[in-house]
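Participant: This is what each chain is made of:
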Amino acid sequence: MSTSGDLSASTESRLRTHASAVVRAGAVPRAHRDDLTDELLGHLRERTLALRIQGLAESTAADRAIADFGTPEAVGPELVGVYHSRLWASTIGVLLPAVADRTHRPAVVGWIRLMLAISVVFSLVAVVLSTWIDTPGRTIAFLVLTGPGIALAALAIPALVRGQRWALWYGIGVSIEFVMFGIGQLVTASPGILTIPIGAIVGGGILLVAWAHRSELATFVSRSARFRPAVAIAFAATLVLTLIAPVILGNLATPPRRRHPTWR
Amino acid sequence: MPAPRLDRGDYALLLLGLLGEREMYGYEVVAELRDRSAAVIDLPEGTVYPALRRLERDGLVRGHWRETDGAPRRRYYALTLAGDRALGEGRDVWRRFATAADGILGR
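Protein sequence lines, in the order shown, are assigned to chains R and D. For the first sequence, the working numbering begins at 13 and goes up steadily by one. For the second sequence, the working numbering begins at 1119 and goes up steadily by one.
Hints listed in this document are in silico derivations from the structure and should not be mistaken for laboratory results. Be aware that a few hints might be false.
[Claimed, not checked] Looking from chain D toward chain R, a few residues come up when the C-beta cut is under 8 Å (computed):
1) G1138
2) R1140
3) E1141
4) G1144
5) Y1145
6) R1154
7) P1162
8) G1164
9) Y1167
10) P1168
11) R1171
12) R1193
13) T1198
14) R1203
[Stated by the list, open to error] Here are a few chain R residues that face chain D, going by a calculated C-beta distance under 10 Å:
15) G38
16) H44
17) R45
18) E51
19) L52
20) L56
21) Y95
The beta-carbon is built from N, C-alpha and C at its ideal position, and this holds for glycine as well.
Whole structure, please, built from the sequences with the hints as guidance.
Facilitator: Structure below.
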């Protein structure tokens, strides 16, 4: 095994970036992350040095070492199965593993994540309020209608930073939902009362910025797998359910409240 | 006719077979697999690490870092007693299967 020699800082950085991307793609728990990254990096270094000794230029040797090692998409899923249960690997593990280069993350990704976080927080507050003021039946109906959407939005926050295509589209979907909620607010507002649809302004703004940076976003998620139409329909259904939840709950027979909250 | 593909269990058995001879680190394992199989077994190199870590999780191998003079720090893997047993059993199963396949396909 050839081990002698040093690599330039730029090659070292490229190899480390690849090793880190593989480890991120494997959703490796924090406790094992550094240890595994060091091991993979050691392999890439050794392979690059061996190829350089065979006569390749250092950058070509690094290209070849990275190609022979395998992409994060090829190696990552194998790691997911090592560190997580089969159930986790086949559900969250499919949605979460990292693939994107974090250094080229468009700024709008941060805004979409912030909006998703706001939507999760507001939804959770609504769930808590529902358990407080509604009957169990209405609370369960509320949870059934909005629970999957809340869970997906929460999962999309870390998935989006990793460049997952589904998370980007889910964020766009939530932005559209914000806009539609805002339009609904305006349509149903009492005459003479000034209504400012803040959600619609935020959602619309994010949609505009996302459209303006669509090519950067496409590049950012380009290494993520395309999802199947059935998955897209299921995800869209969670958004639609969240959107129509107020209408459905409004049409349920209003039950007697268990408690009457007193606001001071 | 496409070449037969290794499933995860076969791959693990090959790794146990190599580590049954002596302890090795990942890069060595990849090189041995490629050389001894005359490049017939030529998976993406990175896939050896999930396989080694899976064996370690299952208690069949033990990984440890070792530093030697003049060489970078490397993570070596050695067979455990359970791994040695699994190798013996796996080898028997494989040989029975290979004999059966030879009986059908001819030698």
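Participant: Less than 10 Å between beta-carbons is the criterion; does L56(R) satisfy it with respect to chain D?
Facilitator: holds, 9 Å
Participant: If you take the shortest Cβ to Cβ gap from R1171(D) to chain R, is it below 8 Å?
Facilitator: Since chain R brings a Cβ to about 5 Å from R1171(D), closer than 8 Å, the hint holds.
Participant: Once the shortest beta carbon distance from R1140(D) to chain R is found, is it less than 8 Å?
Facilitator: violated, 14 Å
Participant: Would you check whether P1168(D) satisfies its interface hint, that is, whether its CB is within less than 8 Å of any CB in chain R?
Facilitator: Cβ of P1168(D) sits 4 Å from chain R, so the hint holds.
Participant: At a threshold of 8 Å, is the proposed contact between R1203(D) and chain R supported by beta-carbon distances?
Facilitator: Where the cut-off is 8 Å and the nearest Cβ of chain R is about 21 Å from R1203(D), the hint is violated.
Participant: Measuring from the C-beta of H44(R) to each C-beta in chain D, is the shortest one below 10 Å?
Facilitator: holds, 8 Å
Participant: Taking 10 Å as the limit, does the beta-carbon of G38(R) come near enough to a beta-carbon in chain D?
Facilitator: holds, 7 Å
Participant: With 8 Å as the cut and Cβ atoms as the points, is G1138(D) at the interface with chain R?
Facilitator: violated, 20 Å
Participant: Given T1198(D) as an interface hint, is its Cβ closer than 8 Å to any Cβ of chain R?
Facilitator: violated, 17 Å
Participant: Identify whether the interface hint at R1154(D) stands, where standing means a beta carbon of chain R within less than 8 Å of its own.
Facilitator: violated, 15 Å
Participant: Is the interface hint satisfied for L52(R)? The criterion is a beta-carbon contact with chain D at less than 10 Å.
Facilitator: holds, 6 Å
Participant: Under 8 Å, Cβ to Cβ, is where Y1145(D) needs to be relative to chain R, so tell me if that hint holds or is violated.
Facilitator: holds, 5 Å
The earlier numbered hints that this structure contradicts are 1, 2, 3, 6, 13, 14 and 17.
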